[in-house]
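Trainee: Construct the complete structure from the given sequences, taking the supplied hints into account.
In terms of full-length UniProt numbering, the sequence shown opens at residue 1 and continues consecutively.
These aren't lab readings, by the way, just hints derived from the structure by calculation. Just so we're clear, the structure is a prediction, and the values are computed from it rather than from any experiment. Be aware that a few hints might be false.
Straight line, CA to CA, 25 Å or less: simulated BS3-like cross-link-like pairs of lysine-lysine [to be verified]: (1) K246 - K347; (2) K37 - K55; (3) K246 - K55; (4) K304 - K347; (5) K94 - K83; (6) K30 - K16; (7) K185 - K118; (8) K347 - K329; (9) K246 - K118; (10) K55 - K16; (11) K154 - K55; (12) K48 - K16; (13) K37 - K16.
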Amino acid sequence: MHPGSFGGICIHCGQKVDAESGVSFGYIHKGLKLDDKEISRVRDIDVKNLLNRRKLCLVLDLDHTLLNTTFLYRLSSEEMHLKTHTDSLEDISKGSLFMLEHVQVMTKLRPFVRTFLKEASEMFEMYIYTMGDRRYSLEMAKLLDPQGLYFKDKVISREDGTQKNVKDLDLVLGTENSILILDDKEEVWPKYRDNLILMERYHFFNSSCQDFGLQCKSLAALNIDENETDGALAKILEVLRQINYKFFDELQGDLVDRDVRQVLSSFRGEVLRGCVIVFSLNFRGDLRILRRIAERLGATCLKKHDPTVTHVVATDFVTKESRWAVEEKKFLVNRRWLEAADFYFQKQPEENFLCQNALVSGS
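Mentor: Encoded structure:
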């Protein structure tokens, strides 16, 4: 058996090997392929080394997670002024808005991303994993990490994937029980939802809002941005710190036998513990999704209201469940209250998410 090949030649014995043999790790070295046994061996070594340095693996999506990109031709009239306000590509580390004319795109880095990467790198070995093509992914990696301190060759793009339209951890040299994922799309990780921290999407450009059917102006058009110190990345960095601490300082047993998915699930399950929720029936198709979010956050979901209910989640003020919430002085909130708690791992103030036309809030 050949443990792997480079350019069709076995890395152990030098013989020519079958071109179809092994899993391609072209993102590390073009032409590099490893068989399952060798992948397992390398993983075990890498993970043990990481754990001994009190580090885990973190797989990062690009678009809408760390940055937002638009083609130049899709800039709205309200965004055209950005062309004269971009930062220099000669000193990338000090900028956040870049125009890459050779690929005809403009990219805005998410606020706090540089601090996030610097501090996360002390706790994690980091990978980029994007559905973008190789050229694009390397351009974005250079904007995020111009000195190559964080990612080096650990940039996985669409061409590297072993399955179409989904992401898989088979190309990440870490074990499933030591990997966390940050991504804005749950559906691209069908096998690894227990590893996933779902990110609130970053919509800086109008084209991004359009692509997701949002009827609102972009942050760029409004001339505002996410809060640098209290935005999505700042909040998730604190979550990652706590997970890292719980994994290394609170779990029992050998490091290699510990499971970060267990820590993530337990941490997430405390967010809405003690909340008893009833959903308005007019959510229809989304009801199953919302119930799943609430339950993984530790809430109890009931099909019918009773005196134990603390929150009613509804779309408007006129449903039977909404009227009952007002009469019984229960919290009447919209779905964003639940989604924000899921994104930020923290129960949100109900008064910021009151259901439309709700005149009375709970107590």
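Trainee: All the hints need checking, so say for each whether the structure fits it.
Mentor: The hints, checked one at a time:
1. With a C-alpha separation of about 20 Å, the suggested pairing of K246 with K347 holds against the 25 Å cut-off.
2. Distance restraint check for K37 and K55: the Cα-Cα separation of roughly 24 Å lies within the 25 Å cut-off, and the hinted pair is therefore satisfied.
3. Proposed proximity of K246 and K55 is supported: the alpha carbons are some 12 Å apart, at most 25 Å.
4. This hinted pair checks out: K304 and K347 have alpha carbons roughly 23 Å apart, not beyond 25 Å.
5. Between K94 and K83 the CA atoms are separated by roughly 17 Å; this keeps the pair inside 25 Å, and the hint holds.
6. A hinted pair counts as satisfied when its Cα atoms are at most 25 Å apart, and K30 with K16 qualifies at roughly 17 Å.
7. Among the hinted pairs, K185 with K118 is consistent with the structure: their alpha-carbon atoms are about 24 Å apart, no more than 25 Å.
8. Simply put, K347 and K329 have alpha-carbon atoms about 19 Å apart, close enough for the 25 Å limit, and the pair holds.
9. Among the hinted pairs, K246 with K118 is consistent with the structure: their alpha-carbon atoms are about 21 Å apart, no more than 25 Å.
10. Between K55 and K16, the direct Cα distance comes to roughly 38 Å. Violation of the 25 Å bound is thereby established for this hinted pair.
11. Distance check on the hinted pair: K154 and K55 sit about 16 Å apart at the alpha-carbon level, within 25 Å; holds.
12. Distance restraint check for K48 and K16: the Cα-Cα separation of roughly 32 Å exceeds the 25 Å cut-off, and the hinted pair is therefore not satisfied.
13. Distance hint between K37 and K16 is fulfilled; the C-alpha atoms sit about 19 Å from each other, no more than 25 Å.
Checked against the numbered hints above, the structure violates hints 10 and 12; every other hint is satisfied.
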